[in-house]
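Chemist: Given next are the chains, with one letter for each unit.
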Amino acid sequence: MLKRLSLVVMMMVLLAALTSVTVAQDTVTVKLWMHNHPPRIPLDETLIAQFEAENPGIKVEFTVVPDQEWDTTLGTALASGSGPDLFNQATFAMGQFYSQGILAPIDAEAAGYADAASVYGAYEAGEALLAGATFDGTLYGLPTELSAYACYTNDALWEAAGLDPATDFPTTWEELKTVAEQLTVRDDSGALVQRGFDFKYDASIFMLLIFNPMVQQLGVNMIDEVNYTATINTPEVKQVLTYWNDWVNNWKLGGPQYTSSRAAFLAGELATDCDGGNWFAPQAEEAGIDYSIHPIPVWENATNDNGFANYAYFFMVNSSAAPEVQQAAWKLAGYLTSDPAQYLDVAGLFQAKADFVASEAFQSNTIMPVFLHELSVSTYHPRINGFFEVSDALMRARDRVIIGGEDIDTVLAEAEAEVNSILAASQGM
Amino acid sequence: MAAGTQKSSLIARRQYWGLVFVLPTVIFFIVFFLYPIISGIYYSLTDFTLLKPPVWVGLQNYQDLLKDRLFIKSISVTLGYVAGTTIPAWILSLFAAVVFFQKFRGREILKVLFFSPVLPSLIVVAIVWRILLQPGGILTTVLRPLTGSAEINWLDNPTLSPISMIIITNWTIIPFYMLIWLSGLTAIPEELRDAARVDGATRVQSFFRVELPLLRPTGVFIAAISTINAFQGFTLQYAISPGKGGPIDVNTTLGLLIWKYGFQYYRMGDASAVSMVLFAMIMIVVLIQLWLSRSDQFSLN
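Protein sequence lines correspond, in order, to chains B and S.
Take 11 as the starting number for the first sequence in the numbering used here and just add one per residue.
Take 31 as the starting number for the second sequence in the numbering used here and just add one per residue.
If you're looking for bench data, these hints aren't it; they were derived computationally from the structure.
A virtual CB, placed ideally from N, CA and C, is assigned to each residue, including glycine.
Any given hint could turn out to be false.
[To be verified] Coverage of chain B stretches by chain S, computed from C-beta distances (three or more under 8 Å per stretch; other residues unrestricted):
1. 289 to 297
2. 393 to 406
[Stated by the list, open to error] Calculated cross-link-like contacts (lysine-lysine; reagent style BS3-like; alpha-carbon spacing at most 30 Å):
3. B:K262 <-> B:K187
4. S:K82 <-> S:K97
5. B:K248 <-> S:K82
6. S:K82 <-> B:K41
7. B:K69 <-> S:K97
8. S:K97 <-> B:K262
9. S:K274 <-> B:K248
10. B:K69 <-> B:K41
11. B:K363 <-> B:K41
[Unchecked claim] Computed list of chain S residues with no C-beta within reach of chain B, every gap over 12 Å:
12. G48
13. P54
14. I68
15. I139
16. F145
17. I193
18. W201
19. E221
20. V307
All chains should be built: construct the whole structure from the sequences, respecting the hints.
Modeler: See below:
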């Protein structure tokens, strides 16, 4: 009797072990990495739990990486082969990731679409807005957050200066200077205590997100991402750099030495800030600022009416992950981008699904149509290898003129040579 | 014979256990020091973008560095920062230690206050100084009677910005080195000072002829660690300088350049080559310091 009981117990143990092996073999684990955006974390966690419940064969390992450590952590993890299977990557380094073969093309079916073409169709202005993750006609990502900048005005400061943002907001850069002068406040010693408007100087990427689009309005693109060449020593670039230089040194309306524009706007020291996306609105509200939103100005002699550069974060899948993991990762990416209304409402992130854009909820939103307009008239920043190196070189050129007081023609000629050299070296990387 | 065999077996056993006991440290050293150094040397000889496997290029990265304008500028920036944060720190921390070695009312409280800049992390220090160094900020206001300027670009002026970095660094490190000097001063027997006094030496003579020579090992130690720390300058420049190393790269130290090349520009091979150059520079400078300070007369004799 005892012997038989032992045999039964042994068989049960064996069966349980075999079952667990089978389950382990059938379960696919997807390592998901997101950069830290606190408002979206609870939402992600909820949706991931729902996804796991609906897909018992897929387990999600969710990791939030602090923003400051994102590039370093992701780069070293990918280099050591311990990188994530699915990650939320900004478009800035996307050219680098694509050319290094890190990115897997979208598995549209796994993500819940009929085919790749229907992914573009599912998004408002899909061809343009998904261009950030499209290389050689192939899509490599699903957007978690599409961003374009617009101008925020601190309406109380405008009104104090006798201006009405609704009617007086300038449409050209030339008019902006006049308005900014009216909004600028200095103390008895001449020190600036309130700026009317100022550019964002503190990080080099804004040379490609803000400065280059101002050049593009004049019909020239400084960086050709297809041919990897730079066109910098031109009258158009000179016009823009001269404007920036005058802004700082001749008109004395601002400069890189002052508090960064976003922080200054939130502190009530800057009347107009043109480098905030729709995600900036909650911050302005939290700071107690009564604001309104306006399109980016253009030049009087503009040939294009683009605003500043579009950029985005996309879900990307690691090409070195096993095929079944890639499939599960795309499925998860599709799931996490299937509820754009919640992401906009809870986390302030815009996922431009066509049906959502057409919905009453979006159309009645007071600020989103302005951002959608900016997204539709603008293009993505250059998606190149060496994005940050080129940005740094352009910032160096800017500072040599604005801070160093060097001759603008000499600086532009040298900057063109330097950036072309960087592009030539990075093209084959 | 048997006794001899027994003794040698005892020694062998002791050596065996000795090896067992040092093994964890040896493994720790191999994993966390030797392996990274050898890897660094290897990567410096490769074209490595971090995202793709490294490709052997021999000495190409080092040859490229010789023509690299940013690297050459970084060397001069680093040397300036080293000079600005080692020599003044050495002298001023010694001076502070001598002051705090004297007996006066409120000394302990003042010592604690003087030491307080060492306590917060460098990032916190950077944020505080960033506020202080606003163009129309507190420091500008305090100095206004002297300068007459309502706004001073402490961080965005290419001349003032590296000087600001040096001042902030000295502010944070001098108290720490002061403490080391102070422990050195305390270790000198009082009898030697008394003897000098009996021989008719003034306090100044006693300091320069008796105490300072005996503080030589402390001085060498401070010179060495301050030089190493200064060569590795990164955090402050990263956190406080405009555009991380600006304006116009005047704060791009070699430490910052390594980070930029490796993790911003995806040029890990070049970053490793710069690391090796930095390693060699530190090694040479410290060896020179040790050689210059060599002496058999560190003892109280």
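Chemist: Does each hint hold? Answer for all of them.
Modeler: Verification of the hints:
no., hint, result
1, 289 to 297, "violated (count 0)"
2, 393 to 406, "holds (count 7)"
3, B:K262 <-> B:K187, "holds, 11 Å"
4, S:K82 <-> S:K97, "holds, 25 Å"
5, B:K248 <-> S:K82, "violated, 38 Å"
6, S:K82 <-> B:K41, "holds, 20 Å"
7, B:K69 <-> S:K97, "violated, 51 Å"
8, S:K97 <-> B:K262, "violated, 38 Å"
9, S:K274 <-> B:K248, "holds, 25 Å"
10, B:K69 <-> B:K41, "holds, 9 Å"
11, B:K363 <-> B:K41, "holds, 25 Å"
12, G48, "holds, 35 Å"
13, P54, "holds, 24 Å"
14, I68, "holds, 16 Å"
15, I139, "holds, 35 Å"
16, F145, "holds, 29 Å"
17, I193, "holds, 15 Å"
18, W201, "holds, 21 Å"
19, E221, "holds, 55 Å"
20, V307, "holds, 19 Å"
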